[in-house]
Amino acid sequence: MGQIKEILKDGFADTFYIWWEEIKNVFKDTGVLIFVIIVPLFYPLVYSFLYSNETVHDVPAAVVDNSHSSLSREFLRKVDATADVAIIAHCSDMKEAELLMKGGKVYGIINMPEDFSDNIARGEQAKVTIYTNMAGLLYYKAMLTSTTNVSLDMNKKIKIERAGNTTDREDEVTSTPLKYEDISLFNPFNGFASFLIPAVLMLIIQQTLLLGIGLAAGTARENNRFGDLIPMSTHYHGTLRIVLGKSMCYMMIYAVISAYLVCVVLNLFGFVQISRPFTLFVFMVPYILACIFFSMTCSIFIHHREACFLIFVCTSVPLLFISGISWPGTAIPPFWKVISWIFPSTWGIRGFVAVNTMGATWSEIQEEYHMLWLQTGIYFVTTCIVYRWQILSSERHILEGGKNTLG
Amino acid sequence: MTINVHRRIYLIAKREVLRIATRPLYHFSMIIAPLFCYIFFTTLMWKGLPTDLPIGVVDLDNTSTTRNIIRNLDAFQQTKVVKHYESFSAARVDMQKGNIYSFYYIPKGTTEKAIANRQPTVSFYTNYSFLIAGSLLYKDQRTMSELAGGAIGRATLRAKGYTDDQAMAILQPIVIDSHALNNPWLNYSVYLSNTLIPGILMLLIFMTTIYSIGSELKQGTQKEWMSLANNSIYTALTGKMLPQTIIFTIMAVAYNVYLYGFLHYPCNSGIIPMLFMGFLLVISSQAFGIFLFGALTTMRFALSAASLWGVLSFSISGMSYPVMAMHPTLQGLAYLFPLRHYYLLYVNLALNGYPLIYAWESVVALLLFTLLPFIVLRHLNTVVTQYKYIP
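The listed protein sequences derive, respectively, from chains A and B.
For the first sequence, the residue numbers in the working numbering are 1 to 407.
For the second sequence, the residue numbers in the working numbering are 1001 to 1391.
By construction, these hints were calculated from the structure, which means they are not laboratory data.
Treat the hints with caution; some may be incorrect.
Stated by the list, open to error - Derived Cβ-Cβ restraints for the label pairs, each shown as a range:
#: 1; chain 1: B; residue 1: Leu1049; chain 2: A; residue 2: Ala89; range: 50 to 60 angstroms
#: 2; chain 1: B; residue 1: Glu1112; chain 2: A; residue 2: Gly103; range: 53 to 63 angstroms
#: 3; chain 1: A; residue 1: Thr361; chain 2: B; residue 2: His1084; range: 16 to 26 angstroms
#: 4; chain 1: A; residue 1: Asn267; chain 2: B; residue 2: Phe1276; range: 16 to 26 angstroms
#: 5; chain 1: A; residue 1: Val381; chain 2: B; residue 2: Phe1279; range: 46 to 56 angstroms
#: 6; chain 1: B; residue 1: Leu1263; chain 2: A; residue 2: Asp58; range: 53 to 63 angstroms
#: 7; chain 1: B; residue 1: Ser1227; chain 2: A; residue 2: Leu268; range: 45 to 55 angstroms
#: 8; chain 1: B; residue 1: Ser1227; chain 2: A; residue 2: Phe16; range: 21 to 31 angstroms
#: 9; chain 1: A; residue 1: Gly103; chain 2: B; residue 2: Thr1382; range: 27 to 37 angstroms
All residues carry an ideal CB built from backbone N, CA and C; glycine is no exception.
With the hints as constraints, model all of the structure from the sequences given.
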C-alpha cells in the first residue's frame, strides 16, 4: 500500500517537474515560441485581413455593342449597375476587346449581337455572348451571375409587355408560373472568408503544434549526448510522467490560443459565428488533445530542428484540401478519403465549420466528435509507446556509455 | 598551386552532391515531397468538376407534378437526390451533419396553386459553408428553375399551337451564352493544380536553400566550404546552389511534362515557354532563400520566415481569391511574392496563350528576385566566416 502511495507521489512530482521544464523550454526557445505563440496570434489576422472583403466586386468588363439599340443599352446599363461587374470600356469590335483582355485590363467581354433588338421585336430568341478569363473562377461566377440576373429581369418585363394582361398580379403569373427562391444558408454573403477562415484557424492549431513540438523534440535530441529524445535525469523515468507532463504544458498554452482563435479572431472581423458555447467547448477539447498527441507521436521522426520545417510546412495546403472543405468531400477519391482520416485536422475542420458556421449542436457532430476522441486515444497510446521506446534506448545508451568510460 | 574558379565551383558542387546524396532530408524535400504533391493534387481532383453532389428534398406536397420536378433535378450531372425528408428541420439537421449540400423545399399546396394560376414558391436552400459545392449547385439550380418554370409555360403554349422554338423565344426572350475561355469544362484541377504545384515546389526550394547553407554553420563545416572557394562567397554559393538548381529544374520540368504532356491541361503557349518559366521559378526561389538567410542570419528565423512567406503565397497569389478584391495594401504586397508573378505568367502563357509581351513585368519581377542575394552577400560573407551557429 505504502509503495503505491510512494509511486503516485513521485509520479505527480515528476509530472509537474516535467511540465514546468517544458514550459520553460517553450519560452526560452525562440523557434518554439514563434510557432506556438506568435504565429497563432498573428497569422490568422493576416488571413482574415486578406479575405475580409469576402467576395469580388466590380469585375472589369469590356462591351462590344453591335446592336446599338435602346434595349441593348438597357441591358448593359443594368449589368453595370450590378455589384459584381463594372463595365469599363466600350469597344468597336471583338479585336479591341481582346486586346484589353490580353493586357489584363478586363476579365470579361460582353458581346451584344447586331440582331439583338430586332430578334426581340420579332419574337425570336436573342443571344448575348459573354467571354470570361478563367484566371480565376470568381471572375466567371461574377460575369455569369450578373448577366443571368439581368436577362431574367428583362425577360420578365418583355413577357409582360407581350402578354397584355390587365392586372399586376396577372403579369406576375405570366412571367413566372412557378416561383423559385434561392436561399443561402450559413454564409449569407456567399463570402470567401466565412468559408475559408474557420478551416484555416483549425489547421493553424494543428500545424503550429506539429512545428512547435517538433522543434522542441529536435532541440532535445541535439542537446542530448546520444541524440536521444529523453534527457538524462531521474525525473524522466516514467513514460506516463513524460507524456502527461509535456502534454499538460501544451494543453495549457493551446487552451488560451484556441480561445483566442475561435472567439476573438472571428469576432474581430465580423465573420459568421453562431456556435453554442457549450458545444464549442466540448468539441475543442478532444481536438486540441488529438493534435497534441498526434504531434508528439510525429515528433519522434524529428532528429534535427530544421527537419520539421522541411517535413511539416508543405503538408498544410494538402491537408486543407483533403479535409473536404474546399474540394467537396463527396468528390474526394476513396483512397485519399481514408488517408484523410489519419489527421486530426480533417475532423477538426469539419466539426468546427459545423459548430461555428452552421450552428450545429453536439448531437449533429457525433461523427467528428467521436473520431477526435478515438484519435486522442490512439495517439496517446502511440505517444506512450514511442516515449517508452525512447526511455529504453536512452537507458541503454547511458549504460553503454558508462561501460565505455569504465573500459 | 592556384586552381581556377571553374575548378573550385566544380569541387564545391561535387561536395554538395555528396551531401545531398547522403542525407535523407534532402531526398525528401527535393524529390519525394514534390512528386507526392504532383500526384496528390491531380488525383484528388481527378474528376475535374465534382459530380453527383448529394442533395435532399423536402416534398410536403408529394404529387405527380412535384415528383416530376424532383426527377428533373436528379437528371443533372452535378446533383444527386440522396434523401427525402419529412420536414424542413430534419433536412437542416442533415445539412449540418454534412450529409447533403442543399435541399429543395416544396410546400404543401404547390400543385394546387400552380393549377389555379396562383404562383406557388419552391425554395432551394444551399449551404454556402462549402463555397465550391454551393456555387456548383447554384448553377444547376438556376437552369432547373428556368426549365421547370418553362415546362409549365411551354405546355400551355404548345396547346396554343406554337412550335418549341417559338415557345422558347416567348419564355426566354434573352439568353446568355457563356464562354469560359480556355477552360470550358470548368475543370478545377486545371484551375488549381497549375499554381498549387509550383507553389509547393517554391516553398520547398526556399527551405532547402536555407537549410543547405544553415547546416554548414550548424555542423561547423563552413571553414572547409569557404576554403574550397578560396574565401569567395560568390564561388562558394555558386558551387553550392548549382546541383540544387539542376535537381529542382528537373523537378520543374517534370511537373510541366506531367501537367501539359500527360494530363493535357491547356498549354496554349506551347511547353517551351512554360519550361523556361519553371526554370525562372527555381532560380528566383533559390535567390529568395539566400536573401532570407542573409537578411535574418540565423537558420531558425530564416526557415520560419520562409515557411510563413511560402504558405501565404498561395492566398496572396490571387489564384483562388482575386488580388483585386483585396485591400490596396495587400495588392501592393502581392508583388513581393514570387508565386504571384508565376501565377500571372501561367495565366498569360499556358492558359490563355497570349504573347509573352503582355506579361513582361512578371518576368522582370522574377529576374529582380534573382538579384536579391547581391544585397546581402557581403553580410552573408561575414555571417559564414565569423558567426557561430545559434540553434
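Could you say whether the range 53 to 63 angstroms given as a hint is met by the Cβ separation of B/Glu1112 and A/Gly103? Since B/Glu1112 and A/Gly103 have Cβ atoms about 57 angstroms apart, the given range 53 to 63 angstroms holds.
query: Does the Cβ distance between A/Asn267 and B/Phe1276 fall inside 16 to 26 angstroms?
result: violated (48 angstroms)
*Taking the beta carbons of B/Ser1227 and A/Phe16, is their distance inside 21 to 31 angstroms?*
Distance hint for B/Ser1227, A/Phe16 is violated at roughly 51 angstroms.
- Query: A/Thr361 and B/His1084, beta-carbon distance inside 16 to 26 angstroms?
  - Reply: holds (23 angstroms)
Given the hint of 45 to 55 angstroms, is the C-beta distance from B/Ser1227 to A/Leu268 inside that range or not? holds (54 angstroms)
| message | Assuming the hint says 27 to 37 angstroms, is it satisfied by the Cβ distance from A/Gly103 to B/Thr1382 or not? | response | Given range 27 to 37 angstroms: violated, Cβ gap about 45 angstroms.
request  = Starting from the range 46 to 56 angstroms, see whether the pair A/Val381 and B/Phe1279 falls in it by beta-carbon distance.
outcome  = holds (48 angstroms)
Note to self: Holds or violated: the 53 to 63 angstroms window for the beta-carbon distance between B/Leu1263 and A/Asp58?
What the structure shows: Between B/Leu1263 and A/Asp58, where Cβ atoms are some 34 angstroms apart, the hint is violated.
Could you check the hint for me, namely that B/Leu1049 and A/Ala89 are 50 to 60 angstroms apart, CB to CB? Since B/Leu1049 and A/Ala89 have Cβ atoms about 31 angstroms apart, the given range 50 to 60 angstroms is violated.
Comparing the model with each numbered hint stated earlier shows that hints 1, 4, 6, 8 and 9 do not hold.
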